[in-house]
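S.K.: Sequence:
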Amino acid sequence: MSKEDDKPTIDEDVALFRELMGDARPIDPDIRAPDYKPKPKPRARFRRDDERSVLRESLEGEIDEIETGAGEALRFHRASVGRRTMRKLARGNFAVQNEIDLHGMTVPEAKGQLRDFISESVFRGHTCVRIVHGKGLGSGDRGPVLKGKVNNWLRRWNDVLAFVSTRQVHGGTGAVYVLIRKD
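Note that the working numbering has the sequence shown beginning at 641, numbered continuously upward.
Some clues are possibly wrong.
What the hints assert, rightly or not - Taking CB as the label site, the calculated pair distances span:
id	residue 1	residue 2	range
1	Arg731	Asp799	21 to 29 angstroms
2	Pro748	Ser720	29 to 37 angstroms
3	Gly722	Asn798	12 to 20 angstroms
4	Pro748	Ser693	56 to 64 angstroms
5	Val809	Val721	21 to 29 angstroms
6	His810	Thr746	50 to 58 angstroms
7	Arg718	Pro748	25 to 33 angstroms
These are calculated hints, taken from the structure and not from any lab test. Fair warning: this is a prediction, and the values are worked out from it, not measured in the lab. Every residue, glycine too, gets a C-beta built ideally from N, C-alpha and C.
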């Protein structure tokens with residue numbers, strides 16, 4: 641017997657196929673599977689809500705919640721203040737026309753004193769003042785309390801155009817030079 645004799649014939653294949661398919665029936669063409677609808681793309685609804693919440697909190701929240709360490713320099717300016725002016729302020733090249741020292745004050749005392757100081761400086765036409773807030777070295781584990789509060793308050797008051805931590809000889813990161821709006 642040759643190898644070709646071992647192979648089933650086409651008729652045998654067809655017969656075997658029909659035997660195996662026995663009671664299978666063709667699908668009625670009028671009966672269809674339900675329409676396939678692809679799953680919608682997942683939407684990160686909670687992530688977007690979380691991001692919106694964080695943005696809202698960052699705009700409404702206290703700025704001093706941002707960690708302001710004793711050695712960290714403070715820096716802020718409004719859009720109307722240019723880089724050259726900021727550089728001049730940081731170098732201490734403006735004449736300091738008035739100064740307040742907030743050491744030893746409570747937060748409510750410091751806020752009231754600082755608000756009055758800024759208002760008086762605007763009234764007197766001062767353009768640059770110095771605020772000594774301290775480095776918070778006496779605050780222990782809490783870190784600098786007044787430094788963070790001053791950072792927050794000055795950013796929120798429209799009379800303040802810019803501020804930056806002072807040169808080392810004027811207090812370094814324990815004080816700020818402040819540019820004030822002219823009335």
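S.K.: Now look at each hint and say whether the structure bears it out.
M.R.: Tested hints:
Separation of Arg731 from Asp799 is about 23 angstroms and conforms to the stated range, judged on CB atoms against 21 to 29 angstroms. Between Pro748 and Ser720 the beta carbon distance is about 31 angstroms. The supplied range of 29 to 37 angstroms therefore holds. At roughly 18 angstroms, the beta carbons of Gly722 and Asn798 sit within the given window of 12 to 20 angstroms. Between Pro748 and Ser693 the beta carbons are some 30 angstroms apart, a value that contradicts the proposed interval 56 to 64 angstroms.
Range check, Val809 to Val721: about 23 angstroms between beta-carbon atoms, so the 21 to 29 angstroms window is met. For the pair His810 and Thr746, the supplied restraint of 50 to 58 angstroms is violated, since their beta-carbon distance comes to about 24 angstroms. At about 27 angstroms, the CB distance of Arg718 to Pro748 agrees with the hint of 25 to 33 angstroms.
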